[in-house]
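Participant: We have chain Y already, so just place chain W on it with the hints.
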Amino acid sequence: MSKLVIERLASQFGDRILETSDFRGDDSARVAADAWLEVAKFLKSECGMNQFTDMTAVDYPEREPEEPRFEVVLCVRSTSTNQRVRLKTRVEDGKTLPTLIPVWAGADWGEREIFDMFGIRFEGHPDLRRILLYEEFEGHPLRKDYPIEKTQPLIAYRDTTAHVAKLPPFGADEGQPFGRIQWQERLKGRDQQVSPAIAVQTGQRQALSQTSAGGSAAGTEE
Amino acid sequence: MEPIEDELSEEGALELPSEPMRLNMGPSHPAMHGTIRMVLDLDGETIQNVDIQPGYLHRGFEKSCERGTWQQVFPYADRLNYVSPMLNNNGFAWAVEKLLGIKIPERGEYYRVILGELARICDHLTCNGASAMELGAFTPFLWMLKLRDFIWDILEEETGARMTHSFARIGGMAKPPTSNLERNVLELIPKFEAQLIECEKTVLRNRIFLDRMEKVGILTQARAIELGVTGVMLRSTGVDYDVRKAHPYSVYDRFDFDVPVGHDGDNYDRFLCRMEEMRQSLRIIKQALQQIPKDGPVSVDDVRVMLPEKPKVYSTIEGTIAHFKLVMEGIKVPAGEVYSFSEAGNGELGFFIVSDGSGTPYRVRCRPPCWFNLNAAHEMIRGGMIADIIPTFGSVNMIGGECDR
Chain Y
1 MSKLVIERLA SQFGDRILET SDFRGDDSAR VAADAWLEVA KFLKSECGMN QFTDMTAVDY
61 PEREPEEPRF EVVLCVRSTS TNQRVRLKTR VEDGKTLPTL IPVWAGADWG EREIFDMFGI
121 RFEGHPDLRR ILLYEEFEGH PLRKDYPIEK TQPLIAYRDT TAHVAKLPPF GADEGQPFGR
181 IQWQERLKGR DQQVSPAIAV QTGQRQALSQ TSAGGSAAGT EE
Chain W
223 MEPIEDELSE EGALELPSEP MRLNMGPSHP AMHGTIRMVL DLDGETIQNV DIQPGYLHRG
283 FEKSCERGTW QQVFPYADRL NYVSPMLNNN GFAWAVEKLL GIKIPERGEY YRVILGELAR
343 ICDHLTCNGA SAMELGAFTP FLWMLKLRDF IWDILEEETG ARMTHSFARI GGMAKPPTSN
403 LERNVLELIP KFEAQLIECE KTVLRNRIFL DRMEKVGILT QARAIELGVT GVMLRSTGVD
463 YDVRKAHPYS VYDRFDFDVP VGHDGDNYDR FLCRMEEMRQ SLRIIKQALQ QIPKDGPVSV
523 DDVRVMLPEK PKVYSTIEGT IAHFKLVMEG IKVPAGEVYS FSEAGNGELG FFIVSDGSGT
583 PYRVRCRPPC WFNLNAAHEM IRGGMIADII PTFGSVNMIG GECDR
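Protein sequences appear in the order of chains Y and W.
Residue numbers for the first sequence follow this note's numbering, beginning at 1 and rising by one.
Residue numbers for the second sequence follow this note's numbering, beginning at 223 and rising by one.
Hint data in this document are derived by calculation from the structure and do not stem from the laboratory.
Bear in mind that the values here come from a model prediction, so they are computed numbers and not experimental data.
There could be a bad hint or two in this list.
Computed, partial: chain Y to chain W, Cβ under 8 Å [as the list claims (entries may be wrong)]:
1) Gln51
2) Ile101
3) Asp108
4) Leu128
Glycine is no exception: its CB is placed at the ideal position from the N, C-alpha and C atoms.
So here's chain W without its partners, still in its complex pose:
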């Protein structure tokens, strides 16, 4: 190799650029799932500063909600966190029901819990599977996606759609549970648990995996609380805040389940927390399947909120009028504002809704958990290595549809 003579200065020292290098990561980068851009200031491979720029998936969710009826928000809500759409459906339904001041029948609440927990498992499977895959462990990724597919089969049988269910209604659920639900879920659970252990075996003692995950992307507890981080990211720092336990909504106070917490707040803790939460979700589902009333309505019997059954619509004038008014004018939600929150896949999913008494929402604010989690990612990434962005960003589990709305 030829010596670099031209580059030498008078003193003989090699002139190296001393300014930080600016690098754009994303928006089209294989690891920036959800289309996001990071502008990095690099000192060699160390990240001096990072600017995370979301917004590439902004569709105007909140604006779009202001022109339809309350019921028409559900398809949009599905597309917020498209990995666990049932949880968004439930969250929005609970918000409007809080403003309406109604409680849905117990069977409906249990049904929501079962479908919601299945969705939560899907969310964690996707996140952990993708995290592992990005570090080279392709097999657990395929196994986890296979498991997710089994759950989607169940959800498809229940709701008719694999991903975007639009299945919750204000005041209940679209349909009662099918007779196969219990059998399908109970058949899946042992298979699921066995496969989950297999997945853990492939990665948890793998040197490469550990080196990339342990003590990487650390978030301190104090900063996490101040930054509004919720969900697994907050729990991995040691705060036992789970909305299902801290503010039990729906029927969550009737289940016996644990809230896994970490203590380092690093990628590894987040991975383990998600793994354990899937098992806890299974525990909840098992108990819910035992407790759910075997028959009875899943929706409130109030034609001002729920569409009447089709035979009534076609045969009685009252049914026809109720149907017409609900479809054309929407549910008349009383004027006022509430903030309702539930535990979604990534943390606290809040809906701040304002009604002016007409059939159209005046304002629907969605508090996406990823939004504030992603803000905290600045601190997790800064000072680290460029290659560590990938596992760190993966464990934040940013979902573009939810973050950018």
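Just chain Y, with the same shape it has in the complex:
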């Protein structure tokens, strides 16, 4: 359906359209990075793709060093002809792309999210800040080399419960602990999450009466 648009792009831009595809009916074209803005303008003014739909990126680190690592993907639609086109380009780590805000204003938050998640900069973007994550966040989480287990809490997690006072009538070792679940400890058998009564039975914990400091007092003293 939108094949004509792709053909028109190919005839207009020639070898700067590097690749076209209609896999599963999605018509898409990959353009050279330096033609990104030009093709986008052409799509809007000449092909009637006036509705911005989506903008995202995909990280292919294994393509390096022959090919650029990131692929930026843009989806647009025409309200008059109902056609949809996907435009892609590849960009190296550290290189920039021109912003598409002058063409479609909706690209604003799309580009900010790509910058936040992948670290791709857009030249000419008036306000390129992190949008989903906080300013202090280091790295870009949707890159494939960002480990999924990594945490960057702004306020350190409590890892011990010793300094947290539980108010009477609760003793220091009653109820759930305030700290994070220590999965490593749990695997080693030192489970903090079982109820005190069971823990005493299984020997993971001393009974209140046997503790030298006197369980409930230890919590509230501090």
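Facilitator: Coordinates of chain W only, in the frame set by chain Y:
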């Protein structure tokens, strides 16, 4: 009252601060549902500039999807738009099926449509109810939530959960419809329609409600299209773009329903559009209940995609192996990338998915409709009054889980 003498300057004029005042609204504000922060620059009560800062509910949906199997995305998808989880379930299932190149049996498609439209009604009920409640109309809010509860009862009977169903599967549905579905829905519909009229009566001619909604939070058609706004927000500006009509997917081309549009793009139009869409959803559900095949499978019969039935798993070696491979390795989705879209509660819910041929998604991009709708809210809020943020933001229907992912 004592005269303010100290504040007077030499000429006798009162020195008033002339710089705009900066005010933080949210993230913990009763009207900023979904935890969002707005930084406002105020000139008196007029908003000169606004910076909307989402992200407080970011859980890393897209990253989390990259470490499980395709099937394991469904519980995450539930928690995107938690007001209409069935629509997210369906949207993701359609996306993966598009990449797989399979069609599920008709009965399954109809079942998805019925549950999805019920979820859409829940979404609109919540949004309109909350909008009305924030303007002081508490009664319609309670009525609408009561109606939503009736729908949740139906959904609970069908799927086993009230909110986070995880009921769709790649290649079909988890279970066929229960025998009570038709009766339950048909019993609810007249009750629902009567109650909806009651709700409308309480607000639509109410002076306070009208003053706060009419000509407030206006979005122009041209800007809406350019900003990528979809769903009710786009339709309220007069564009008749509904994915169900414009690009009929599933079995939506077989139903007779209308797409309500507004013409001002203000809060009132959005409220009315949502009200009318609920009725249109009921029309779709009624037709779907008539057309749905009474028996037959709801899922594809392909052990590479769907888990085999339990008796087969326990009694045949083929069943056991198929089950093991699907659970341990996941569905082998062919390498490639597709963008699939459907009409969710707030607009076009798109999934751009990339597979590398293994059992794990390489990339799952969710195009949340609220994301771009919320971007457009800058223009609706700017220049207005501080108090108008509340109805305007309410009618954007931003869902934190979906927007921040």
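Participant: With a cut-off of 8 Å, does the beta carbon of aspartate 108/Y approach a beta carbon of chain W closely enough for the hint to hold?
Facilitator: Given a least distance of 6 Å, the restraint on aspartate 108/Y holds.
Participant: Against chain W, is glutamine 51/Y within 8 Å by beta-carbon distance?
Facilitator: Hint on glutamine 51/Y: holds, closest Cβ of chain W at ~5 Å, below 8 Å.
Participant: Min Cβ distance, isoleucine 101/Y to chain W: is it shorter than 8 Å?
Facilitator: Not OK, violated: isoleucine 101/Y not within 8 Å of chain W, min 10 Å.
Participant: Do the numbers back the hint for leucine 128/Y, that is, is its least Cβ distance to chain W under 8 Å?
Facilitator: Where the cut-off is 8 Å and the nearest Cβ of chain W is about 14 Å from leucine 128/Y, the hint is violated.
When the structure is compared with the earlier hints, violations turn up for hints 2 and 4 and for no others.
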